[in-house]
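> In the order they appear, the protein sequences are chains V and X.
Counting in our numbering, the first sequence runs without a single skipped number right up to 1127 at its last residue.
Counting in our numbering, the second sequence runs without a single skipped number right up to 1127 at its last residue.
Calculated from the structure, these hints are not laboratory results.
Pairs involving identical chains hold if they fit within one copy or between any two copies, as the list cannot separate such chains.
In the DSS-like style, the derived pairs of lysine-lysine whose C-alpha atoms are separated by at most 25 angstroms in a straight line are:
{"no.": "1", "residue 1": "1021", "residue 2": "1079"}
{"no.": "2", "residue 1": "738", "residue 2": "692"}
{"no.": "3", "residue 1": "879", "residue 2": "846"}
{"no.": "4", "residue 1": "687", "residue 2": "738"}
{"no.": "5", "residue 1": "692", "residue 2": "879"}
{"no.": "6", "residue 1": "738", "residue 2": "879"}
{"no.": "7", "residue 1": "1065", "residue 2": "1079"}
Listed below are the residues making up each chain.
Protein chains: 2
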Amino acid sequence: MKFQAPKGTRDFYPAEMAVRRRIEAAWRDASVAFGFEEIDGPTFEHLGLYTAKSGEGIVSELFSFRRAGGSDDYALRPEFTPTLARMAAARAAQLPVPVKWFAVPNFFRAERPQRGRLREFFQWNVDLLGLEGPSIDAEVIGVAVAALARLGLAATDVRVKVSHRVAAGRLVRALGVAEESVAGAFELLDRRDKMPPDEFTKRAAALGLAPDALARFEAAVRTRVPVAGDLEVLARAAGVHASELAELEALRGALVAAGLADWCEFDLGIVRGLAYYTGTVFEIHEASGAERAIAGGGRYDGLVELFGGPRTPAMGFGMGDVVLGLVLADRGLLPKDGAELLPRPDAFVVSAGEPAAEEELPRLVARLRAAGLHVRHSYKATRNVGKLLADASKQRARWAVILGSELAQGQVQLKDLASGEQRVVPLADVTPTVRRPPAPST
Amino acid sequence: MKFQAPKGTRDFYPAEMAVRRRIEAAWRDASVAFGFEEIDGPTFEHLGLYTAKSGEGIVSELFSFRRAGGSDDYALRPEFTPTLARMAAARAAQLPVPVKWFAVPNFFRAERPQRGRLREFFQWNVDLLGLEGPSIDAEVIGVAVAALARLGLAATDVRVKVSHRVAAGRLVRALGVAEESVAGAFELLDRRDKMPPDEFTKRAAALGLAPDALARFEAAVRTRVPVAGDLEVLARAAGVHASELAELEALRGALVAAGLADWCEFDLGIVRGLAYYTGTVFEIHEASGAERAIAGGGRYDGLVELFGGPRTPAMGFGMGDVVLGLVLADRGLLPKDGAELLPRPDAFVVSAGEPAAEEELPRLVARLRAAGLHVRHSYKATRNVGKLLADASKQRARWAVILGSELAQGQVQLKDLASGEQRVVPLADVTPTVRRPPAPST
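Bound-form chain V, shown alone:
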């Protein structure tokens, strides 16, 4: 019988798992540095949690099911925000202000797998609830940037594209969209690269966007302004007065104070289709525009209320492992063989084959491991110690411990595999010596 992993899912052998864990460690370390605390929810939720937020249309994109004999409809989680909003609503009265939460769950989408988009993937979610204002938005953007920096990406490798729903709303209305069509216009503009130009023009016209208005919109979204740059340029391209971009002006100060000016630019083309965003929105893209977005998020002040909690200011983002992995690999920031990221053994214990050595090997290995050391050993005794030492080097051990004829005197050979230096030491000295890192090779 032969089985494969379901289409769009992945098997993580040790080398691939080490890459995943490296990315997750950067996410976690950045979260902790910024004072966020980890949470998680169930892998599946009541289906209604997702239709409540996104409408019945979401169902076809979900893996949904019932328990045999049960009557509740469940769905594998496609994103974290509904779970987070449900959890925040359930404990609204007891939670501190602000709530700073992060999570690193897996998500599921019943779509056709594509480059950068799988049916199961891992995604970092960061959310700050209870407070609002430009400095809060900058703090949340800052934690995303901190993780990328920890992974070796520089401000020249990625662009954090920042916009604001309120400013973008003024622009869209100035272009002729009626108040009740603003949300629809955001959704259409967000999907403009995903449909034929004809269809886009037709749908835009239905929302009140005439061809000349669309041309002005295109001019505005082609105009990207560095955070330290002149917003007047953007206002002119968009055909609005600079004062109508006041929200971006306020964000500018907070982004500069948070040390993020080099990473960010204003880009009114970032509208984020989802209807629930209410303020700052941002996406992080590879600098040349390759691949899908690395991360996306924004302010969603109404969502906790939707799930039965009080009205709660909230700002958050998601960053998936798939696109980020592609960008890191492309920039040479992941080893060709992920196995290089696996933990290195402190010691590799080999037996030269005498019965006394065979008998001592499991005892010594157990003692070293009980001391918390990472220890591997040969599984076959042989007089060809050279072969065993080659195994020890291949497994990147720091020390080799050779149980040979010296064992009769209570001694073993200890070899520093970096320097090649080898000496005979009493058995009792093995643990303390291996515990100290070997001298760096010259």
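We have chain V; now place chain X onto it with these hints.
Showing chain X alone in chain V's frame:
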């Protein structure tokens, strides 16, 4: 709209998540110390993977589903062994010998939730493929014990109950069970505490186990022999010759050499119902017999072959988070409030409210975080610095940094929250001082 987590699943708020991460860290650290490498597979698999191993009867215990418009049947993974065997079979030719893998995935069972048994849970899986023999079995049991020891459990808190399918098979045959009914007898004996005595006696009789044979079996399984004890006692109770327990005798030497004698005992009552075990089997129980098994596993030499690979010796176990968490809590090995396990901030930065302090706060926080430090800060400026320092202590920060009137001279107040010592230092000294751990309080 109010939603709850699906029945039998859990929300992990920061305190609960910290407990989960503590358990997972012990699992991971023990795995790495023993030279195992982490893997993972998809959260759902083709349904056929599970029916191939366990028969169609498993389907009612699974959450199974199809993609809308798709024709493949999937199921949420109820255990890891089929995924592991599939992955090993797929790369059989390239894998090293031995393969030493561990995983910490979540699993799903569509059963009625009970104490110690939920619909979604986390489970540590450890498997060693490609080699066999008592020392291999002892190494695998050793990694389970190492994780329990890292969590603070002692040999007196838990019992590792060890048996061997071959020896147990001789016993069962000696009791009158025909060769073709041995597997059925193991399954029945494994479930003997889960059915009414009448039903058990009837089913046992059908397998050839007469009442007097059952009485002998009961005598044998009531007889537990310490690893350093006398196997003759067990042989006598079981009514077999001591030589028929040769496999246990061989295990004894390996368990002693691995330093596991205090933790383990021989217990012929451990048969593990699953048909695929072929040699050593073991379960770990709380010492007084409270709760379900903490862990269970054994040798399964035929499973990789079942999934299309070559015949591969294999030994492994699973240890879930739910029962283990109950045992740890019962022994006082988890803090009453899991939040005590959350990472402590290195610094808590507060502003005394002057505009210059308000302006400096985000800059200083960004610099400290860029240096890799865990930094929190006040979100409200106030002249009541005492209130802010109370917040800093409540969040268990090591240092408080107070941006006050000294800022005009480029200085800040730095308070060691353990000792209460407070001094004025130049802004530039904050990062290096906070990076050094504060002097222990006396």
